[in-house]
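Novice: All chains, please: the whole structure from these sequences, using the hints.
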Amino acid sequence: MNASSRASIALALFCFALLSACVTSRLPAVDVATVGSAAELSSTTFYPQEQFQCGPAALLTVLTSSGIETDMDSMVKQVYVPGRQGSLQVEMLAASRAAGRIPYPIDREFGALVAELRAGRPVLVLQNLGTSWFPRWHYAVVIGFDAKREQLTLRSGVDRRRLTRLRTFLHTWRRGDYWGFVVLPANEVPEQVDTARWLAAVAAFEQAGATDAAKLAWVNAVARWPDSAVARFGLANNNFMQGNWQAAESVYRELLMRQPQLAIARNNLALALLRQRRFVEAEQEAQRALVDLDDNSPMHAELANTLSEIRESSANGQSRSGRPSSTNR
Amino acid sequence: MSNSKLRLFVFELVSVSLVSLGFMQIAHAGMVDTQSLIEQEASSERLAKIESLLARQDVARQLVALGVDPADVQQRVLYLSDAEIASFEQRLDTQIAGGSAVGVIGTVFLVLLILELVGVTDIFKKI
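In order, the protein sequences belong to chains A and B. The numbering of the first sequence is my numbering, which starts it at 114 and goes up by one. The numbering of the second sequence is my numbering, which starts it at 23 and goes up by one.
Calculated from the structure, these hints are not laboratory results. One should not assume that every hint holds.
Claimed, not checked - Each computed EDC-like pair below joins lysine to aspartate or glutamate, with the alpha-carbon atoms no more than 16 Å apart:
#1 Lys190(A) x Glu163(A)
#2 Lys190(A) x Asp94(B)
#3 Lys261(A) x Glu163(A)
#4 Lys261(A) x Glu153(A)
#5 Lys190(A) x Asp91(B)
#6 Lys328(A) x Glu301(A)
Owing to the predicted nature of the structure, the values given are computational and were not obtained by experimental measurement.
Specialist: Now the structure itself:
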């Protein structure tokens with residue numbers, strides 16, 4: 114046996130070992146019949162990627178599909194990292210917020226992906242097209258799934274309509290830790306929704322400066338999850354940030370009726386009362402909040418500040434009581 | 023002034039406005055924000071506002087070091103949530119960056135070709 118044929122045998126054995134390793138690591142069972150098909154979202158505009166810029170291209174695809182007018186240059190400026198020749202996941206989410214959409218990371222399973230497609234939302238996914246030892250990270254947009262053929266349609270790279278077998282997709286998506294997201298306007302809610310993750314997505318959107326737009330999402334959230342403290346707290350805080358002190362007050366009170374011990378809501382209620390120059394009530398609520406707070410809560414300093422702010426304003430307000438109170442701030 | 027020095031200079035300028043913009047976000051002094059309740063419910067570590075600002079600047083600095091235009095960096099980090107900023111504990115240059123350029127050589131090619139044929143990888147577009 115000569116050296117080259119020995120080398121070929123070694124290579125073949127190596128490949129075999131590798132393949133068996135891949136095959137034995139189980140793919141999650143996808144019950145295609147239950148998941149069902151999702152008609153191809155064929156009107157999704159295609160933006161072919163420049164080298165390394167699948168991130169900007171994929172993001173532009175989902176944002177445009179959601180009704181946002183923007184362009185490739187702007188996407189590149191927002192998510193491309195030259196030193197890494199690629200785009201980071203969290204920056205993809207951040208740029209969606211900057212464009213006025215709420216990014217929602219879907220459940221890490223195929224059924225969730227198809228559910229969003231059926232709701233008309235293309236899904237931006239992270240794939241590793243290579244292997245763990247030869248990674249080729251790639252962002253693409255899934256636009257359809259044919260359950261009968263077990264085949265996905267993607268806008269991917271320079272392929273306007275890339276067809277991928279389900280099994281292959283699941284391998285590449287699994288190596289991307291099943292990461293994918295959809296972008297939504299504030300008046301919509303994901304199809305398969307995890308309450309906590311959605312409310313966190315709304316809060317992050319709001320924090321990024323979209324106070325006005327986020328309000329609708331909070332209103333809808335309270336209607337859909339009336340028992341969620343986060344939803345009510347979010348709505349009340351939104352009113353607070355917009356200077357609607359009375360509306361904020363009434364939502365904090367609704368929340369406190371349900372959860373009287375929620376000290377941070379009482380803290381904010383006290384501040385909403387303070388803004389309305391109702392000093393006595395404000396001080397009562399702030400004091401009660403301090404009592405209700407857990408001993409080891411990191412919020413003690415904040416609540417103590419609130420109380421001293423109220424006392425200070427109250428003292429100032431009373432010393433100026435001869436003057437008409439022309440502002441309510 | 024070399025290119026990298028210039029970048030650094032521009033970045034320091036930008037940092038100042040970044041900090042002031044950051045404070046705009048917390049203009050409602052005293053109001054405990056919604057993310058705090060979310061973090062409390064998830065019993066995750068709460069990042070104090072000032073730490074979050076510093077962390078944001080740190081992420082911005084890392085992005086500039088990776089070649090992002092200092093003029094763009096300011097907006098980019100502002101739209102990250104507190105939790106996302108906290109996730110950067112792991113250094114930026116080790117995070118996944120989706121970019122996919124394909125150029126494969128030698129033995130690796132053969133192995134990948136086989137993996138591709140059995141549908142484990144999806145590197146070769148025209149196969």
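Novice: Each hint needs a verdict: does it hold in this structure or not?
Specialist: Hints versus structure:
Of the pairs offered as hints, the one joining lysine 190(A) and glutamate 163(A) holds, with about 14 Å between alpha carbons and a cut-off of 16 Å not exceeded. Restraint check for lysine 190(A) and aspartate 94(B): satisfied, since their Cα atoms lie roughly 6 Å apart, inside the 16 Å limit. Distance check on the hinted pair: lysine 261(A) and glutamate 163(A) sit about 33 Å apart at the alpha-carbon level, beyond 16 Å; violated. This hinted pair checks out: lysine 261(A) and glutamate 153(A) have alpha carbons roughly 14 Å apart, not beyond 16 Å.
Taking the CA atoms of lysine 190(A) and aspartate 91(B), the gap is near 8 Å; set against the 16 Å cutoff, the hint holds. The hinted pair formed by lysine 328(A) and glutamate 301(A) meets the criterion: a straight-line CA distance of about 12 Å does not exceed 16 Å.
Checked against the numbered hints given earlier, this structure breaks only hint 3.
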